[in-house]
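K.L.:
Work out the full structure: start from the sequences and follow the hints.
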Amino acid sequence: MAAISLSLSPNPSFTTTTTHKPSHSLSTPTFLKFPTESPSTIKSLTHAPLPHTPTPTPRATFSTRAAASTTPSTTFHGLCYVLGDNIDTDQIIPAEYLTLVPSNPSEYEKLGSYALCGLPDAHSTRFVTPGETKSKYSIIIAGANFGCGSSREHAPVALGAAGVAAVVAESYARIFFRNSVATGEVYPLESEVRVCEECKTGDVVSIELSESRLINHTTGKEYTLKPIGDAGPVIRAGGIFAYAREAGMIPTLTSS
Amino acid sequence: MAACSTVAPPSTSFISNKKDLGLSAFSSASPLSSQKCKRTSKTVCSVTAPKQSERKPVTTGSVKTGMTMTEKIFARASEKTQLSPGENVWVNVDVLMTHDVCGPGSFGIFKKEFGQNAKVWDREKIVIIPDHYIFTSDERANRNVDILRDFCTEQNIKYFYDIKDLGNFKANPDYKGVCHVALAQEGHCRPGEVLLGTDSHTCTAGAFGQFATGIGNTDAGFVLGTGKLLLKVPPTLRFVMDGEMPDYLLAKDLILQIIGEISVSGATYKAMEFVGSTVESLSMEERMTLCNMVVEAGGKNGIVPADSTTYKYLEDKTSVPYEPVYSDDKARFLSEYRFDISKLEPLVAKPHSPDNRALARECKDVKIDRVYIGSCTGGKTEDFMAAAKVFLASGKKVKVPTFLVPATQKVWMDVYGLPVPGSGGKTCSQIFEEAGCDTPASPSCGACLGGPKDTYARLNEPKVCVSTTNRNFPGRMGHKEGEIYLASPYTAAASALTGYVTDPREFLQ
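Which chain is which? The protein sequence lines are A and B, in order. Residue 1 is where the first sequence starts when you use my numbering, and the numbers rise one by one after that. Residue 1001 is where the second sequence starts when you use my numbering, and the numbers rise one by one after that.
Fair warning: there could be bad hints in the mix.
Unchecked claim - Derived EDC-like pairs: lysine to aspartate or glutamate, alpha-carbon spacing no greater than 20 Å straight-line:
1. B:Lys1111 with A:Glu246
2. B:Lys1463 with A:Asp121
3. B:Lys1232 with A:Glu190
4. A:Lys110 with B:Glu1139
5. B:Lys1350 with A:Glu246
6. B:Lys1317 with B:Asp1307
7. A:Lys110 with B:Asp1307
8. B:Lys1453 with A:Asp121
9. B:Lys1232 with A:Asp230
The hints are simulated quantities; they were obtained by calculation from the structure and are not laboratory data.
P.N.:
Take a look at the structure:
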């Protein structure tokens, strides 16, 4: 399943052959995720407990409780948006919006406002209400081959920017899965059964990551998720760069 | 219709493992295919393995366990002698390609992560090709090309195919057009190498016997700084295509057949290796079409063993030494599919999925509004030659608007300069004009992926289009309710002549 499975052991040839010396730096290692937002409790997971500040946005409430060990217990809670099979990246973010550069903070936010606007009109409940920048749905539930098509990283970025914390799908297209992990924007979780047949858009759901469990509070049903495995720590760190720094694989930039 | 079969155990000894997997994969094919596909006769069962003599151990892999060519490229690029599918390795990248849609974001990540004054790992191994949103008044799209230019100047990037004069592409000698076709034409595709690009159709370059795949901005930012990326070694599906290819078929029909067979996720995470006498007979451009659409089956990469056709194509395009690799006789494949191409018929993929396969003749009652010939998949010189051949054979005029977008400046020159065989010296452009097609447009990705609202030939209304492009998901060419039939250039041209989806045999026989 996992498209990417990072080993904690640094690769010697990698560190020794990096030629350039970064001279400037960034103060925040997790900037990739939230270029526009103030440090919030949402999604910027660390291994330490975070103060839980209620936010006015309707996105997932999200908490991290440090257990006795270093394994954090992560829970997402919110409304779900339900989709079928083969949702391709053109539907997640239509090509006309690819002029928006995800690494540019204001354009990152705009990408979120267009998330899933490529869905055919038959989807009468829109994912992002026109005029809003964020979705009220923080969890997407879908069928097989979610995120197929173009390699545009704008796709997981648009979902993350719209406030999505996790996608639960039967399976993923390779590049979407990898981009989700590399950016740390959303958790791409796999279900063991076709949950999309049993949930409805607007159902209240929770995901307990450490238990690999999805709970639909509206229907009272529970589902087992496939473990996220080694990709989990990468997403939790805030993407592949933040993870590689935490793991000592690449140097932490310091202000000169 | 399509003669397709999984390997027939008694008649073939090419590989001995995992035939059962092939069968199980086969059974998951669409209902259409399972009804229509017949076991082939066993007439086509001989596959010539690439010759193994006179190769150094590094190319043959002098190891106990056989490896596929994809595994060997991974092994060489990660400086290991032996690899198995599933292993994660740091791979040295030979070429990184990016374009105007994903370049600015990749540069942004590179600068944030490696520092504002950081230098790329190798200025000669990065190829930057503006191609997506070029001929548009969209200010952000124009700005993105400016961002590419600034970065290339600052980093002294050797291969940047710039465009400044949007009014006349011919005034920009450096400008190429569609990145995947330009990469090949400019000699950046070489056997045995690793090519990564911020575009899912980067897999096109597998036609050259190299590993090529699409990556996201963040991964590209990492590669820009380090020249390396952590990649998982994919298992390989092998597709053996034998038999003489009928003259009404093109490689597009072959790949639509395969995607219809294994579905849009049938090759997810996997390499797709194409071999057999039919593949050997294909030109480089046709091999590119074959590999181009592996991503539509979820594939990580497509790959064709390099041969004399490859070497001839590369002769005047690159002076960089390269070393091809070939799958070992004992290489392990996840499954093997066999096709007798001589029995295949022209195909389309109906809306809204590339695996929604049907025979072109089964769709003869589908009325269409327009035809589009272009893109990395179907906008190469030979694609236009094929369309011209159909128009020439019919001597008639098109019944629906027919849009032509050459992939690159080189293709455009060929359309206007090369004589079409059997035409008495006419060029494609003359034949297109006589047939009543729209004038060939400026080379770019065009309307294949919709793009900004003012993109030429964009589907701005809910129309039905037969297209030589690669995807027909809802909204792909612009309008969410538009309907796209993916087809070969032959089928597209035939359909333009009738105004309905049309089997090209109506004009070619």
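K.L.:
Would you mind marking each hint as holding or not holding in the structure?
P.N.:
Status of each hint after checking the structure:
1. B:Lys1111 with A:Glu246: Status holds; Cα separation ~19 Å.
2. B:Lys1463 with A:Asp121: OK: B:Lys1463 and A:Asp121 at ~16 Å, within 20 Å.
3. B:Lys1232 with A:Glu190: Answer holds: B:Lys1232 to A:Glu190 is near 19 Å, not above 20 Å.
4. A:Lys110 with B:Glu1139: Holds, at roughly 16 Å.
5. B:Lys1350 with A:Glu246: violated, 48 Å
6. B:Lys1317 with B:Asp1307: Cα-Cα ~16 Å, so holds.
7. A:Lys110 with B:Asp1307: Given pair A:Lys110, B:Asp1307 is violated - Cα atoms ~48 Å apart, limit 20 Å.
8. B:Lys1453 with A:Asp121: Holds, because 19 Å separates the two Cα atoms, which is no more than 20 Å.
9. B:Lys1232 with A:Asp230: holds, 13 Å
Consistency note: the structure conflicts with the earlier hints numbered 5, 7.
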